[in-house]
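Peer 1: In case you want the letters, here they are:
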Amino acid sequence: MTTVAGTDPESDAFWADVKSGGLPLRRCTCCTRTFVLPLPSCPYCAAEHPEVIQARGTGRLYSWVVVHHAFDRAFAADVPYVVAAVELDEGARVYARLEGMELDTLVADLPVERVAHVRADGPPLVFQPLRRIPA
Amino acid sequence: MASSKARPTFLGKTALVGTGSTEFSKASGRSVLALATEACRLAAKDAGLPLAEIDGVLSFSFNNDSVPSQAVATSLALPQPRFLLDISMGGQAPSFLVMQAAAAVAAGLANNVVVFRALNGRSGQRVGSTRVPGVASNFRYPIGFTAYPQFIAMWARRFLLETGGTAEDLAAVPIAQRRWAAANERAIRRSPLTFEEYLQTPMVADPFRAPDCTTEVDGACAVLVTSTGRARDLRRRPVIIQGAAYAAGRGSGLDAGDALLWDDLSRNYTSLLADDLWGSAGMSPGDVDMAQIYDCFSSSVLFALEGLGLTGRGEAGAFIREGNTLPGGRLPMNTNGGLLNEGYLHGMNTVVEAVVQLQGLAGERTAEGAETCVVTSGALTDGSALVLAKGEAA
Chain A
1 MTTVAGTDPE
11 SDAFWADVKS
21 GGLPLRRCTC
31 CTRTFVLPLP
41 SCPYCAAEHP
51 EVIQARGTGR
61 LYSWVVVHHA
71 FDRAFAADVP
81 YVVAAVELDE
91 GARVYARLEG
101 MELDTLVADL
111 PVERVAHVRA
121 DGPPLVFQPL
131 RRIPA
Chain B
136 MASSKARPTF
146 LGKTALVGTG
156 STEFSKASGR
166 SVLALATEAC
176 RLAAKDAGLP
186 LAEIDGVLSF
196 SFNNDSVPSQ
206 AVATSLALPQ
216 PRFLLDISMG
226 GQAPSFLVMQ
236 AAAAVAAGLA
246 NNVVVFRALN
256 GRSGQRVGST
266 RVPGVASNFR
276 YPIGFTAYPQ
286 FIAMWARRFL
296 LETGGTAEDL
306 AAVPIAQRRW
316 AAANERAIRR
326 SPLTFEEYLQ
336 TPMVADPFRA
346 PDCTTEVDGA
356 CAVLVTSTGR
366 ARDLRRRPVI
376 IQGAAYAAGR
386 GSGLDAGDAL
396 LWDDLSRNYT
406 SLLADDLWGS
416 AGMSPGDVDM
426 AQIYDCFSSS
436 VLFALEGLGL
446 TGRGEAGAFI
456 REGNTLPGGR
466 LPMNTNGGLL
476 NEGYLHGMNT
486 VVEAVVQLQG
496 LAGERTAEGA
506 ETCVVTSGAL
516 TDGSALVLAK
526 GEAA
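Each protein sequence line maps, in turn, to chains A and B. Here the first sequence stands for residues 1 to 135, where the numbers follow my numbering. Here the second sequence stands for residues 136 to 529, where the numbers follow my numbering.
Watch out, some of these pointers could steer you wrong.
To be verified - Just the calculated beta-carbon pair ranges, DEER-fashion:
#1 Asp-398/B to Asp-78/A: 24 to 32 Å
#2 Ala-108/A to Ala-162/B: 54 to 62 Å
#3 Ala-141/B to Asp-121/A: 46 to 54 Å
Claimed, not checked - Computed far set for chain A versus chain B, every beta-carbon distance over 12 Å:
#4 Ser-20
#5 Gly-21
#6 Pro-43
#7 Gln-54
#8 Leu-61
#9 Ala-84
#10 Glu-113
#11 His-117
Just so you know, the hints here were simulated from the structure itself, not pulled from any lab data. Quantities reported herein were computed from a predicted structural model and do not represent experimental measurements. Just so it is clear, CB atoms sit at the ideal spot from N, CA and C, and this is done for glycine as well.
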């Protein structure tokens, strides 16, 4: 069971796209850097009107937290679980659950990939250590 | 390319002259207004300043967990407030608000300004489990990334990965600070802690165990800021504001928990403001005698020691383990036991401890011979800091 902190059009659209298999990023049409947050302009160079692209769903593990105490009861049944900060190959950082491995195998910059099919009642965005050969 | 360095014009001309603190408890049974009023009243009494001479009140709150400065001015029966300010901030605020108070005094907006923080942080709204409002929050919450201990644990992990640090480095912080807390009657956690005991405590958000996390409390504290001229007539030895800086880096986020755009989670705002801070004080990191470092979580102490240049990169844990921050050490630090042990007044109590020490009122936990102190406020993408110096005795 997952909950959403609140609703706003931009994050609602993001999660709707994620639930149907997408992973939308914003890319600056000037400096080409990418980011997830719905900013009206590029946070790196201030150019306006970033475009929306779809991420490939591969990246590396930048950092992670193993959650043992659920501060929101909605996540109590999930503990312990891993929240990962994933640096996508496109450059943007995104938060996702990390599954499918033993905790002691986690290392900095571990290659990770998105899990295509997630549980209906589970977290909406899940990554795992890379198993397939990147295209 | 950042703009050139800043040096506030109030430095050397303004001073902290009094502090006030209520009891810190798990359930105060009192209103936030009552707590705030008591802390401000005590700060004026400590300074020997008639309440009616206070003409400025500043405070900060997080998700409306406090009362407005105007309410406290009313409660204190202040006859003519000239400067009231409430800001919405977390732990990055206390040193920043002292800067605003000093700027107001130096600019002639007000003469005697009290800065307070008051909350029922344990029995009322608890920040550790409060949802941070904002768009960025909605990009992390559905994953189960919901609370401050988790947000800051994400920084701590990257820091440990980059510096080669271990659990021993994190543990060094609460272990050292318990030594100081033992001599602080206001502290919530006062029992000694060994590394073996630390390893037996529950994981909260790995790499953080329970002792790595602050303890939420009900309470209030306040400091009083005035000119160095007025300070000469007051009761206590003034504590001169010698250096000050605030910094928020590029991509500092859309809310107080957002770090999606922060490039390097192993460095926080302390790395950004160090040059401004030491430059403003005319000092180098090696010159300072004492440190009161914001410690909502153990890792923020390691970040700050390294960010401010008080130790080298990756050396903060060993620096603490070697006893440098303990009583009698080279750099006594968090001498009230820190937020980890005294309780979470969002770092306002960190400022109070610096002032009490330099006033010479710290009793059993006095850091002998300390003439100067660096104070920090904040743990993440933005924050503030002060360099304080002992003035001439009243």
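Peer 1: Could you run down the list of hints and mark each one as holding or not?
Peer 2: Results of checking the hints against the structure:
For Asp-398/B paired with Asp-78/A, a C-beta distance near 29 Å keeps the hint of 24 to 32 Å intact. A C-beta distance of roughly 43 Å is found between Ala-108/A and Ala-162/B, which places it outside the suggested range of 54 to 62 Å. A beta carbon spacing of about 52 Å between Ala-141/B and Asp-121/A agrees with the range 46 to 54 Å that was offered as a hint. Taking the minimum C-beta to C-beta distance to chain B, about 15 Å, the non-interface status of Ser-20/A holds against the 12 Å cut.
Annotated as non-interface, Gly-21/A keeps its C-beta farther than 12 Å from every C-beta of chain B; the closest such distance is 16 Å. Listed as a non-interface residue, Pro-43/A fails to keep its Cβ farther than 12 Å from every Cβ of chain B; the least gap is roughly 5 Å. Remark: the non-interface label on Gln-54/A is consistent with the geometry, its nearest Cβ contact in chain B lying 17 Å away (cut-off 12 Å). For Leu-61/A, the non-interface assignment is contradicted: its Cβ lies about 10 Å from the closest Cβ of chain B, within the 12 Å cut-off.
The non-interface label for Ala-84/A is inconsistent with chain B: the shortest C-beta to C-beta separation is roughly 9 Å, within 12 Å. For Glu-113/A, the non-interface assignment is confirmed: its Cβ lies about 17 Å from the closest Cβ of chain B, beyond the 12 Å cut-off. The beta carbon of His-117/A is kept farther than 12 Å from every beta carbon of chain B, the shortest such distance being approximately 17 Å.
In terms of the numbered hints stated before, the structure departs from hints 2, 6, 8 and 9, listed from lowest to highest.
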